[in-house]
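Peer 1: Residues per chain are reported as follows:
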Amino acid sequence: MNKHVSPRLNRRAFVIGTAAVGAGLAIGLDIPFGGPAVVRAADGSPEIGAWVVVRPDDTVVIRIARSEMGQGSLTGLAQLVAEELECDWTKVTTEYPTPGQSVARKRVWGDFSTGGSRGIRSSQDYVRKGGATARVMLIQAAAETWKVPASECTAANSVITHTPSGKTTTYGKVAEAAAKLTPPADVKLKDPKDWKLIGKGVKRLDTVDKTTGAMIYGADVKLPGMLNAAIKDCPVFGGKLKSFDEAKIAGMKGVKKVVKVGDTAVAVVADTWWHAKTALEALPIVWDEGDNAKVSSESIAKWLAEGLDDKQPAYVGNKNGDAKAAIASAAKKVEAVYSYPYQNHATMEPMNATALYTADKCEVWCGTQNGEAAFAAALEASGLPAEKCDVHKMMLGGGFGRRGQTDYVRQAVLIAKEMPGTPIKLLWSREEDMAHGRYHPITQCKMTGAFDANNNLVALHYRLSGQSILFSLRPEALQNGMDPAAFQGVAQSGEAAFGYSVPNLLVEHAMRNPHVPPGFWRGVNVNHNAIYMECFMDELAQAAGQDPLEFRRKLMGNHPKHLAVLNAVAEKIGWDKPAPQGVYRGIAQVMGYGSYVAGAAEISVTDGSKIKVHRIVASTDPGYVVNPAQVERQIAGSFVYGLSALFYGGCTVKDGKIEQTNFDTYNSMRINEMPRVESVMVPSGGFWGGVGEPTIGVAAPAVLNAYFAATGKRIRSVPLRDQNITFA
Amino acid sequence: MANLTINGKTFTLDVEPDTPLLWAIRENAGLTGTKYGCGIAQCGACTVHVDGVAMRSCGVSVSEAEGKKITTIEGLASGDTLHKVQEAWVAQDVPQCGYCQSGMIMAVAALLIEKPKPTDADIDEAITNICRCGTFQQVREAIHTIASA
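One line per chain: the protein sequences are A and B, in this order.
First residue of the first sequence: 1, per our numbering; consecutive thereafter.
First residue of the second sequence: 1, per our numbering; consecutive thereafter.
So here's chain A without its partners, still in its complex pose (with noise of 0.2 Å):
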């Protein structure tokens, strides 16, 4: 089979982890006489430091602490290690740890969470430093073994070479040597301009098993005398379970159990999950549902609405000389009311974990964004002591956020807890993953700008109205009751920061929180932010009688990041030359995640509501890129997610439940709809921004200003379904 293509995801430790209960990672350790002890791997192999298995067949096994989801940083991360490693990248497989193991020894491997576009930059420099200790240590190993000073050998592709005799050896055979040693105090990195791995577009290392149907997923969790579970939550959020009439399914066929879980749900468990489902579907539940059961869409934007007025309580997120003061006295005025609504992630993969409980281990397999979290939900819903837990992380059919989260985590502890020593996979139906997300927050904004009488800006105004997210999930980050991520994208500093220069700017959030439980979806407060800030920036040019791309660089001279892609993509998308015969353009940019973003986009309009896209083009500079291969997928993808959110997304609430049911009511975009996306990278060095969330910001902005361009109607609401406005 042709397996050579690139190095592969390894699958031993999958098998290690799904078939041998209590077997970790690492299997042992050597105390040696005088020496640090060495740490083996499951196969004998040494670590040599924490981040660096080396094998005596030359194999480097790189550890990634951080979830692989699609996005490409399983293969980044490996390529840091191993930039600095200095070791064959043919030769080169990964594995995870388990955050059992991390917290055993410690938190060697730091944060496991995967979320915010964090992956690479925020594990760059200490995983670059495992792989630069593992190196020193290898050349110290051969260097005492030929009784040579160190600085007289150096490491490249895995061989080391001592230079003024010409003698080689490599990293599999002086391994153990080197496992040996103490790792040095302190290691120097190269200098960027000197890397050879980092900054190609290597080839992931993960893909075959993704064409074969091998790659095991949370879903495909298979483990002896396993049973399967399927769910239904109270549909209305802080809802509860009544009663369930147990007797009216307990003749079907496979079912085995049904079980309370918690206060709010009720599972069945059976031989297999389609028969769990079934049974579910039969099964008679009265829910509890509260006084949420009022709430609806309509409902939710009427109090949303009512937090623009100024009169209501606000937070202040941005604030320089008076805006309301120089919009009062202003030569004229603009406003403009916006909203976002709530918006499903819709992985691929619904929710599922499998879980083991008995009196004295809790073990779960489960896709999670953050290997941590699943393990302290593991601990909670067992009860156990953290040495009596672990996690298995597998592969995500799709992350965007939701699997940060550890609700479906909870549930299977709690249902394999009701059945000591057998395994159980709980997985969600589509239907329950629509009903029970952790959605985009809803918001709204008004915005007001004001003009002097020579067409400059003078004020911005710009009140936020709605959901926290950090309210409800870490209500710790709230800074005297204000979530400062509220203002991704229009922050005064930091790495979301504002990128235009006004006079007189008010950036303010009036914080309501609905019962919808809302979560980090790609992008997060940049996707609303960087809509209402740029189709405005499109109005105010309009007001200002100027061309938009001229009106932003105006502001922006105090911006030189954010200007330069700005720029990138004015120049690719040709904005100096006309549009081809009956096709519109449209311009954004925004910063996030320590990132600066541009987008433009080409479209055509049919009857004012067929919308054709023709090209887009996306700029970033992320400061460093460490696989433009991979940074160009994320790229496109986060416009075909940003853009399926802007035509067919948007989650309405009714009777306190949501509407959307599967992809039918909650549809994605096709490929027939999707541009080829040209991506303009311009990392300027010097700093390490995020990747995968950025751009999806300017996605919806760039296409709706271009629509605009195309029909001189703004569209100031998402979806676009719910103004008929569709794909051509």
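Everything labelled a hint here was simulated from the structure, so no lab data went into it.
Just so it is clear, CB atoms sit at the ideal spot from N, CA and C, and this is done for glycine as well.
Hints may be right or wrong, so weigh each one.
[Said to hold, decoys possible] Not close to chain B: a few residues of chain A, all C-beta gaps over 10 Å, as computed:
1) S296
2) W575
3) M681
[Claimed, not checked] The calculated DSSO-like cross-link candidates involving lysine-lysine, where the alpha carbons are at most 27 Å apart (straight line), are:
4) K188(A) <-> K200(A)
5) K388(A) <-> K257(A)
6) K115(B) <-> K612(A)
7) K84(B) <-> K91(A)
8) K190(A) <-> K91(A)
9) K9(B) <-> K222(A)
10) K69(B) <-> K222(A)
11) K173(A) <-> K190(A)
12) K9(B) <-> K203(A)
13) K257(A) <-> K91(A)
14) K242(A) <-> K657(A)
15) K190(A) <-> K561(A)
16) K612(A) <-> K117(B)
17) K311(A) <-> K324(A)
18) K248(A) <-> K260(A)
[Unchecked claim] So the derived label-pair ranges between C-beta atoms look like this:
19) D120(B) <-> A247(A): 39 to 47 Å
20) D664(A) <-> K69(B): 23 to 31 Å
21) P116(B) <-> D664(A): 43 to 51 Å
For this one, chain A is given, so just place chain B on it according to the hints.
Peer 2: Same frame as chain A, now just chain B:
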């Protein structure tokens, strides 16, 4: 009990006739490469070949599939030799999360039987699978690479 011919092998499965083929394949035959995405034939993650035609296996019952030749992603390669679509997928690094790709690959393999050199319009019409990661441009490029080989 049902007899299903999957990837050239006969499986005698303890399964009701109205069970969706998807679940018979995944749970009874134990072939988990075919994925569940929606259960209502919208997303295409469960696409398999039934007598050489791409079908969404969540919408086909076991009784309908009996006596037919079913091919899943696991049966696409010939022994150790990957199918040309799989090879192209590897060469172009198409998958991101990969969960939809079994179905995507099966849909493309069926298209290429019917139209060995598909145009963009042919691809647009035949490939209607959902990919939330957004691999569409790599999918399109890979198809054209195969067609031009």
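Peer 1: Does each hint fit the structure? Answer for all of them.
Peer 2: Hint-by-hint comparison with the structure:
1. S296: holds, 26 Å
2. W575: holds, 23 Å
3. M681: At about 16 Å from chain B, M681(A) clears the 10 Å cut-off, so the statement holds.
4. K188(A) <-> K200(A): holds, 22 Å
5. K388(A) <-> K257(A): Roughly 26 Å between the alpha carbons, so the hint for K388(A) and K257(A) holds.
6. K115(B) <-> K612(A): Holds. K115(B) to K612(A) sits at ~26 Å (cutoff 27 Å).
7. K84(B) <-> K91(A): holds, 25 Å
8. K190(A) <-> K91(A): Roughly 22 Å separates the two Cα atoms, so the pair holds.
9. K9(B) <-> K222(A): The hint holds at about 21 Å.
10. K69(B) <-> K222(A): holds, 26 Å
11. K173(A) <-> K190(A): Distance of about 25 Å is within 27 Å: holds.
12. K9(B) <-> K203(A): Status violated; Cα separation ~34 Å.
13. K257(A) <-> K91(A): Answer violated: K257(A) to K91(A) is near 48 Å, above 27 Å.
14. K242(A) <-> K657(A): Satisfied, since the Cα-Cα distance of roughly 17 Å is no more than 27 Å.
15. K190(A) <-> K561(A): With a Cα-Cα distance of about 25 Å, the restraint between K190(A) and K561(A) holds, given a limit of 27 Å.
16. K612(A) <-> K117(B): Answer holds: K612(A) to K117(B) is near 25 Å, not above 27 Å.
17. K311(A) <-> K324(A): holds, 13 Å
18. K248(A) <-> K260(A): Given pair K248(A), K260(A) holds - Cα atoms ~16 Å apart, limit 27 Å.
19. D120(B) <-> A247(A): 39 to 47 Å: About 57 Å separates the Cβ atoms of D120(B) and A247(A), which means 39 to 47 Å is violated.
20. D664(A) <-> K69(B): 23 to 31 Å: At 30 Å between Cβs, range holds.
21. P116(B) <-> D664(A): 43 to 51 Å: Once the Cβ atoms are compared, 33 Å apart, the range 43 to 51 Å for D664(A) and P116(B) is violated.
The earlier numbered hints that this structure contradicts are 12, 13, 19, 21.
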